[in-house]
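Heads up: the sequence lines are chains A and B, in that order.
Residue numbers in the first sequence follow the numbering used here, run continuously in steps of one, and reach 447 at the last position.
Residue numbers in the second sequence follow the numbering used here, run continuously in steps of one, and reach 621 at the last position.
Just so you know, not all the hints are guaranteed correct.
Here's a subset of chain A near chain B, in silico, CB distances under 7 angstroms, partners left out [as the list claims (entries may be wrong)]:
id	residue
1	89
2	127
3	128
4	168
5	338
For the record, the hints were derived by calculation from the structure and aren't laboratory data.
Predicted, not measured: the structure shown is a model, and the values here were computed from it.
Every residue gets a Cβ at the ideal spot worked out from N, C-alpha and C, and that includes glycine.
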Amino acid sequence: MERPLTHNIKPRAEPLWLAEYEKAGGYESVRKALRTMTPEEVQKLVTESTLRGRGGAGFPTGKKWSFVPMGADAPRPKYLVVNADEMEPGTFKDRLLLEGDPHQMIESMIVSAYAIQADVGYIFLRMEYGIAAARLRKAIKEARAKGYLGRNLLGSDFSFEIYLHTSAGRYICGEETALLNALEGKRAIPRAKPPFPQVVGLWGKPTIVQNVETLCNIPHIITHGVEWYRRLSRGKDGGTKIYGVSGNVKRPGAWELPMGTSIRELLEEHAGGMKDGFAFRGLLPGGASTAMLVEEHLDLPMDFESIPQGGSRMGTGTMIVLDDHTCPVGFAQNLEHFFAQESCGWCTPCWEGLSWTERILQSLEDGQGRMDEIDVLTMHTKLLAPGRTFCALAPGAMDPLQSLLKYCRADFERHIHEKRCPWRDEPNGADGARTWPVSSSMIVPTR
Amino acid sequence: MSSLRSHDRELITQHSALITMLSDVERAEIEEELLHYPDKQAGCVEALKVVQRHRGWVSDESLKSVAALLGMTSEELDSVATFYNLIFRKPVGRHVIFLCDSISCWVCGYDIMRKGLQNRLGISMGETTPDGRFTLLPIVCLGACDRAPTMMVDDDLHEDLTTEKVDRVLEQYP
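Full structure from sequences and hints, please.
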């Protein structure tokens, strides 16, 4: 099985630096594109590859690029921005690519920048990814010294420069227009669309903002061709996908597998099934902002077309498992706490709605909830639906909530009837942490 | 007219005095970052982080100095600084513990780690130990969910935490 994105990556090892990376076939796509292809031909290949955005939304990459003004009259400079602000809870795939193969990131940027004729590239990296920052800096330096960056790359008339920007927190920076404001040194609140960044982006210039994993596909498409790329997949969308599983499973991890690998195969074969003593209740297929799926959905292929059949989205493709020792109300409370905290505060439905959602869930979890509050939560899932808020943060927060209310309603009601969290003696119930199977010699009771 | 000019001169003097409050090293590091952007404001987060690296946090005085250097008003810069959870506008301890409280870590034992840390350090989330050694803060998903629970201490990621491991990790940060 081919693993183009991760074939250079060895766990816990130094990445390939320039000489080794070139020996492994690195920068071949740059030579091929700059010497034998027009930018339009590169774009056409990407469109035909059926590559879709791996940051969560799944937008076709070729189509996204097609909106960038091309030709002599196009406004300059044009920008390519890598969204390396991976902060979706439960998502740990871009870190792997950035730390494991920094030159692949640089190569991906050069060849993509050539396709849209971008002049400058920024890598927008979250501050916590310090190892990635150091490795990217070194890779940029090596690439510049070798003539892969700078003026007239490989003797062509194409010039391109890359800068690393390290941010300072806040999930909203991953929203592409908020990210542009952040890069400009402003508060990271989203911008109104249209105009879309492809036309009016960074400093008002045409800009493509693209997720790390998405871009890392491009060199392989250019080097090996569309036929090869589409055959990597088991479904309609081409390529491989870096899937991940976290939670109380035997072998949590991330694996590059054919796009369209089933949830069951990921969960049972790759993650080894549930840990002994834990039973499966559900999973968020692609990060905190995706709706929960349950047993009946396990045979769905993990791809952009299939997961919506279960009422969810593939999102980032890194799934979070809910087990029977974990309180579903506490689970929902943790998710909504995150979204309420990370709301940028720009639009009222989001910051008001999410903080009330969090508070209601907390009171339910504490055994102080009322039946009509379940209706208030349900109402919020409608009031914060797509189209009612400025950006996708609040609708993303409502997806897991409405699914938990649907599949775990009896658990919500039990909290109300029993006036307590039925999991409270479990680690993930209200005021729990008494029976967790790790040694707790350090914990001194305070009361 | 002349009084206006003298007022201007006074402002310019204040302005340069503010900038010279930054060390040569800090200014050089900030100037280096500014080369990456077509305007100075775009470098403001990196500039604040330079100051924070050298001084531990961003005081009002530091903020005014950075604003003067970048040609921003201090209010404008503070509106950006306070947006970010990793720009510290209050002093922190010698070491900052960032405990991940997002969903995968929460499922895998966050609460035990939190209680353990709080009891061990005698402080709550958001507080600093009386000896100034540690500040304890929550942080969102650290992107290492397959090795939950996780935390960062300063720039270092620590994974697969148990209460014993947390104990050993803390000893590495005097």
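For which of the previously enumerated hints does the structure constitute a violation, in increasing order of number? none
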